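One letter stands for each residue in the lines below.
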Amino acid sequence: MSMQAASTQIASRAAAIIDEMKALEGPLLPILHEIQEEFGHVPAETLPIIAKALNISNAEVHGVVTFYHDYRNHPAGRHVLKVCRAEACQSMGGDAIAAQISQALGIGFHETAKDNSVTLEPVYCLGLCACAPAAMLDGEVIGRLDADKIEEIVQEVRS
Amino acid sequence: MTVTIYIPRDSGALALGAEKVAKAVAQEIETRGLDAKIVRNGSRGLYWLEPMVEVATEAGRVAYGPISAKDVASLFDAGLASGGEHKLSLGDPEKIPFLAKQTRLTFARCGITDPLSLEDYRNHGGLKGLENAIAMTPADVVKQVTDSGLRGRGGAGFPTGIKWKTVLDTTADRKYIVCNADEGDSATFADRMIMEGDPFVLIEGMTIAGIATGATKGFVYIRSEYPHAVATMQKAVEVARKAGVLGVNVMGSPNAFDMEIRVGAGAYVCGEETSLLNSLEGKRGIVRAKPPLPAIQGLFGKPTVINNVISLASVPIVMDRGAQHYKDFGMGRSRGTIPIQIAGNAKHGGLFEAAFGLTLGEIVDEIGGGTVTGRPVKAVQVGGPLGAYFPRSLFDTPFDYEAFAAKDGLIGHAGITVFDDSADMLKQARFAMEFCAIESCGKCTPCRIGSTRGVETIDKIAHNIEPEKNLALVTDLCNTMKFGSLCALGGFTPYPVMSAINHFPEDFRPTPVAQAAE
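Protein chains in written order, with numbering that gives the first Met the number 0: chain A, 0 to 158; chain B, 0 to 517.
Worth flagging that the hints you see were computed from the coordinates, not collected in a lab.
Not one of these hints is a red herring.
Heads up, simulated DSS-like pairs for lysine-lysine below, C-alpha to C-alpha not over 27 Å straight-line:
#	chain 1	residue 1	chain 2	residue 2
1	A	Lys21	B	Lys282
2	B	Lys301	B	Lys289
3	A	Lys148	B	Lys19
4	A	Lys148	B	Lys69
5	A	Lys21	B	Lys301
6	B	Lys142	B	Lys216
7	A	Lys51	B	Lys282
8	B	Lys86	A	Lys148
9	B	Lys301	A	Lys51
10	A	Lys148	B	Lys346
11	B	Lys22	A	Lys148
12	B	Lys216	A	Lys21
13	B	Lys86	B	Lys100
14	A	Lys21	B	Lys234
15	B	Lys241	A	Lys21
16	B	Lys406	B	Lys346
Nothing here was measured: the structure is a model prediction, and the numbers come from that model.
Just chain B, same shape as in the assembly (with noise of 0.2 Å):
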C-alpha cells in the first residue's frame, strides 16, 4: 500500500523550511524506493511545531516535528512510513493537547485534508451545506445563518444572516458576494490558513451565499502580502469551476454562481469594506460614507454582501449541521466558534478554534504557555494594530465581542500580540499613530492629520516636553479621532494609544530630572 506522507504547505510552515524538507523527503523516498506519495497539506495551526510532518499508518495519523531538512534522513532509519518513533515523534496530533482542547468546525479539515483535492473534501464533510442550501428557499438559507448567530469575524461583529437578508429583500439585476480577504491585521493570519489550507470551504461559503442573496458573482479581494493564498485560491477556483461546484448550474441546480481572485495592492485601509469595494471597482481605495449601505449599494454600485473570509467559511458546517448545532457553542451574543490566533512573543503559537468564552488569561498563560524568551508577559495586543493593549490585571476578560466592548477593547479578527517586559509601551503607542499615518486614505482630516500629530506629540512626551500637558493633548486628539474619523482605522487607533497610557502609565511619565540631566 502507498504510504502517504504530509508536509505543509502553509506559507508559515515554508517560512520554517517546509519546501526543503518536501525535497529531502522526496529525495529519500527515491534513493530508498519506497512506496509512498508526497501531500502538501495545509497547516494544524501549531507553529511552534512547524514544519510539522505527519505520516497515514493503519493506526491512524502519526506526527513529527519540528523537522528541518537534516532530519529527515534519519527520520526515515527511524522507521517514518510505518509511524516509527523517533525523537521529534509527537504522537498522534490530534492527541497533541493544543489541538485536543479545539472545537474545530470552521478548521475542521484545515492541516488534514489535500486543499486542492476537491475528492478529499468531500469525503470529509465538504459540501454537504451547499447541497442542503440548494434544496431549501432563499428565505431559509437566511434565517438558518440568522439563526446560528454568526457574526462578522472580520472585527466589526456584525451580524451575518442580517447582512445577506437585506441584500435578499433588494432588488437589483445584478447582486454581488464579496470576500474580504484583506487580512492585514498583524497577528491575524486565520484567513490565510483557511485559503491556504482549504479553500474550498470558501468557495463552498460564498456559493452558499450567492443562492440565499441571488447574487451570481463573488469576489475574493486578497492582498498582495499572501502569494502563496492567491496562488491556492486561483487553482481551488479552477477545480470548482471544472467540477461544477461553480459556474451556470452549480451542482446541477438551476442555480447560477461563479468567482474571481483579485489581488490587493499593499493598502492597509482595503480592508475597510468600502474602501476595498472602491479597489474592485478601480478606484484609489479611499474610504465611503455609509449610508448607502453596501447591501443595497456595494460593487458598482448594486447590492452586495461583503463578508470576513471567517464569517463565509464558517456558513458551510452551520449549512450542514443547522443553526442550532452552531448556536449551542459560545456565550453571551457571541455565538459559535472563533479561531483565535496568538501570535507575538508567544511560546506555543498559532491558530487555536474555540467557543467564545475562554478567558484571556486561559488564552495566553496556559494554551499559549507564555512568553518564548521565558520573561514575564507585559502586555497582549487583541485585535491587531487597532486593538488595545489589556495588562495582566484584564486577563480574566472573556473572549466575546460585549466584554471586550466593555473594557474599551475589541476583539476584531481575533489576533494576539504577546509582549514581554521588555515592550516600551509608549514605543507601541507612538507606532500605533505612526501606522495610521502611513496607512491612513486621506479622506477625513481626524485620521489623515490626527495621526501624524500624535506621532509628534507623542515624542515630545518621549523627550519630556510639557509632559503632562502633551498627554492631555494625546487624549483630546484620540476622542477626536474615535469620533471625527469616517472609519475603524482612525476610529479605532485611538484603542491602543488610550489602552497604552491608561494601563501603563509608567512608560508615560517623565525620566526623573536627574538621569535626563545625564
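Okay, chain A solo, but in the shape it has when bound (with noise of 0.2 Å):
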C-alpha cells in the first residue's frame, strides 16, 4: 500500500471514531483513546481532522495530545510493561526491581527494544500498594515481583 493510501485509510477510520464520539459531551479525551486504541499511538495527521471536526484549534488538540502521559506519537512495542515507580513500590525494593527489569531487558524507561519487543515505561502507582512491587503488563496487574517473576515477563515479551 502507498503511503497515501495508507495516509487515507488513517483519515478515514478516524473521521468514523469522531463522527461515533463527538455527541459526547467533552468528546476530545474518549475519541483520543480510542484513536490510540485502534492505531496503537495517535498518528499526527489525525490531528487537524480532529480539530476541524470539534471546532478548535489544531494547536488547542496539539496541546492536549502532548499534555498527557497515556497518548503516543509513535507505536510501542508488541507488549508494554509499566513499573510502578512510586513511593509504596519503593519500600518494597521497587528502585533495585526497576533496575533489574531494565537490565533483563536491555532497555532503559521510556524505550522501546530494538526488536520491538516491549516498550518499559514508568508508572507512578497501579493501586496495588499492599501487594508491592507492582507493574503491569498489557493491561494485566502483577504483584510482589520479584527475580523469577521478572524472568517470566522477560520469557512472555520475547515469546
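Take each chain as given, in its own frame, and dock them per the hints.
This is the structure we're talking about:
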C-alpha cells in the first residue's frame, strides 16, 4: 500500500471514530483514547481532522495530546510493560526491581527494544500498594515482583 | 444445594494470581462433577492473604488463603465445598482480627457480595439510602449529609454537605455530579477497591447527590491505570440503567439521573478537582484558579458537585441509617469512619476501615504488624506523595484531620506507606520534588520551576556541595512552593520534603570528610 493510501485509510477510520463520539459532552479525551486504541498511537495526521470536527484549533488538540502521559505519537512495542516507581513500591525495593527489569530487557525507561518486542514505561501507582512492587504487562496486573516474576515477564515479551 | 465459592476479582487479588486460581477451581468443579458455582467477589482487603478463597457453608463463610493455583486440588481433597480443614484454612473470615477490629460502614459489602449483582446489593442493605432520599426534600437530604459530619475523603476534608448546599442553592439549567476517581496517590487503593468490589454503592451515592442538588448528569473520572475498575463500573452502570436505578425515573420517582464513566490519560494532576474538570471538558489538565468555586461554576461552567469516590460511597449509609448513626463514630471534627490503607513495607497490608481516632502507632505496629522485612519501622508517609513522613516519635498522633495538620502533616486519602530502616530520607525528599516536576501542570511558577530546582538542590546536598547553604535554600524554596502554588501539587510537595529534613536530619548531614575522600 502506498503511503498516500495508508494515510487516507487512517483519515477515514479516524473520521468514523470522531463521528461516533463527537456527540459526547467533552468528547476530546474519549476520541483520543479510541484513536490510540485503534492505531496503537495518535497519528499526527488525525489531529487536524479532530480539530476540524470539534471546531477547535490544531494547537489546542496538539496541546491536549502532548499534555497527557498516555498518548503516544508513535507506536509502542508489541508489549507494554509499566513498572510502578512510586513510594509504596520504593519501600519494597522497587528501585532495585526496576533496575533489574531494565537490565533484563536491555532497555531503559521510555525506551522500546530494538526488536520491537517491548516498551518499558514508568507508572506512578497502580493501586497495588499492599502487594508491592507492582507492574502491569499489557493491562494485566502483577504484584510482589521478584526475580522469578521478572524472568516470567522477560520470557513472555520475548516469546 | 449448589455450593458458592468466592474468588476475588479485585486487581490486588488478580496481581497475586486470582485468575489462575479461579481457572483451577473451575477445572476441579468440572472434573469432580460438583454442584458448585464461582462468584468473583471484591476483596475484603487483607492483601497478605490474597488470593483469599471463601466458601459459603451452612455454618457461614469459611476462608482459605493465600491460595495459589497449585493448592487448589488439595483444597478440594480436604473438602473445600463443605468448609473442610486445610493447612491454608482461615476459618470464619469475619473473625480474622484484622477484619473483626474494623467498623465497616462504607465497605460493608466489599468482598462479600457479587459486585455486579444488584440483587445481592439490595439483599445486603443497598438502595435503602436512595429510597429514603427520594422520599425527602432535596434540602433535607443535604441537611442529613451536613449533619453526618462527612468530610471530603479525597484529602481536603471539606464538609460534603456544605458543598452540596452551594450547588442546591445555585440556580442553573444544568448541574453535574462529578466523582473524582483519579486515585493517583501512592499507598491508596480504597477507591479502586470500592469500584471493583461494590460499584453500586458509588452509583447510589452519586444518584443521591443528584437528587439532593438538582443535578441530572454524573461523570465518574477514573484513572487509566485502573482498567479493572473502569470495566466493573461500566458494567455496573449498565445494570443500574436496566433496572431503572438510573434513568429518567430513578427507581420509579420523578427524578432523572444518569451517568457516564470517563477514563483519564495518565496525568496525576487531574486528581486536583479543577484540573479534572478541564480534563473532562477535553482540555489540558491545567489547574483553574478559585474562585469561582466548582460548586458555582464547575463542569462546562455549570454548578458541579465534585466529590471523591469514598465521600460519595459513604452517603448511602448516612441516608440509610441517619446522620446521627454516622456521626457517632469518630473524634473531634473528624466524624464517621475512614478507610485506612496500610501499604508498602507492612506485614499486614490492606484496607482497614475504622472510626477516626486510632493512633498512627496502633495502625502501623498493631494492625499493620510492623514491616514485612522484619526490620524496624523508620518512617511512614501518610497521605500519598504530598503527605509528610512521620517518625516513630510522632506515632502517638491520632488519625484525625486536625491532629495531623497540627503535626505539619495531612491524612489525605488515608494511605500509609511503611518504610523500614533501610530507607534513605534524602532520596525520598528528592523523589517528592522529582514527582512534582514530572506531574506539574505547568500553570504556576513555584510548582513548575520550583520542583526542578528542588531536585537539583537536593542533589547538591547529596554530593556535599555547600550542604548547609543548600539545605537553607531548599527550606526557602519549600516555603515559596507552599504559599505560592496554585494547587496542592506544588503546595503540598513541601510536606514530604520538609518532614524528611526535619525528622531525619541525619540523612541530610554531609558525609564525613574522611569517608568522602575515599
